[in-house]
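Please work from the sequences and hints to get the whole structure.
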Amino acid sequence: MHRRLPCRLVRMPKKDEDLLARFGNRVRQLRSDRNLSQEAFAAACGLDRAYMGGIERGQRNITLRKIERIAATLKISLSELLDGV
Numbered sequence: 003m004h005r006r007l008p009c010r011l012v013r014m015p016k017k018d019e020d021l022l023a024r025f026g027n028r029v030r031q032l033r034s035d036r037n038l039s040q041e042a043f044a045a046a047c048g049l050d051r052a053y054m055g056g057i058e059r060g061q062r063n064i065t066l067r068k069i070e071r072i073a074a075t076l077k078i079s080l081s082e083l084l085d086g087v
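If you use this note's numbering, the sequence shown corresponds to residues 3 to 87, in order.
One thing to keep in mind: the hints can contain errors.
Unchecked claim - As a list, the in silico SDA-like pairs of lysine to any residue whose alpha-carbon atoms are at most 25 Å apart:
1. K68 to R28
2. K68 to E82
3. K77 to L21
4. K68 to L83
Unchecked claim - What follows is a set of in silico ranges between Cβ atoms, one per label pair, in the way DEER data are often shown:
5. N37 to N63: 14 to 20 Å
6. D20 to A45: 14 to 20 Å
7. G86 to R59: 16 to 22 Å
8. A52 to S81: 26 to 32 Å
9. N37 to L66: 17 to 23 Å
10. N27 to A52: 26 to 32 Å
11. A42 to D20: 26 to 32 Å
12. G48 to D20: 16 to 22 Å
These are computed hints drawn from the structure, not numbers from a lab. Glycine included, each C-beta is placed from N, C-alpha and C at the ideal position.
Below, the structure written as structure tokens:
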């Protein structure tokens, strides 16, 4: 018999939230500089628009593969994408 443990929400440490927000702001800045709507950019990245919104708001902790996909869509290197984050 399996015993279920109580489920608790775990908040991320404040510094991680700041990192996600900074990354999201960087993505939003680069997307806006290219005059791309969030919807068009998300489609070009192969991601859902709502998911992209979560990234830009700093609510998603995305994988390196998705970060690489975003950089490729922007036609920049990973280091350029992460510059200033």
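Hints and how they fare:
| no. | hint | verdict |
| --- | --- | --- |
| 1 | K68 to R28 | holds (15 Å) |
| 2 | K68 to E82 | holds (15 Å) |
| 3 | K77 to L21 | holds (22 Å) |
| 4 | K68 to L83 | holds (12 Å) |
| 5 | N37 to N63: 14 to 20 Å | violated (28 Å) |
| 6 | D20 to A45: 14 to 20 Å | violated (29 Å) |
| 7 | G86 to R59: 16 to 22 Å | holds (18 Å) |
| 8 | A52 to S81: 26 to 32 Å | holds (28 Å) |
| 9 | N37 to L66: 17 to 23 Å | violated (27 Å) |
| 10 | N27 to A52: 26 to 32 Å | violated (18 Å) |
| 11 | A42 to D20: 26 to 32 Å | holds (28 Å) |
| 12 | G48 to D20: 16 to 22 Å | violated (27 Å) |
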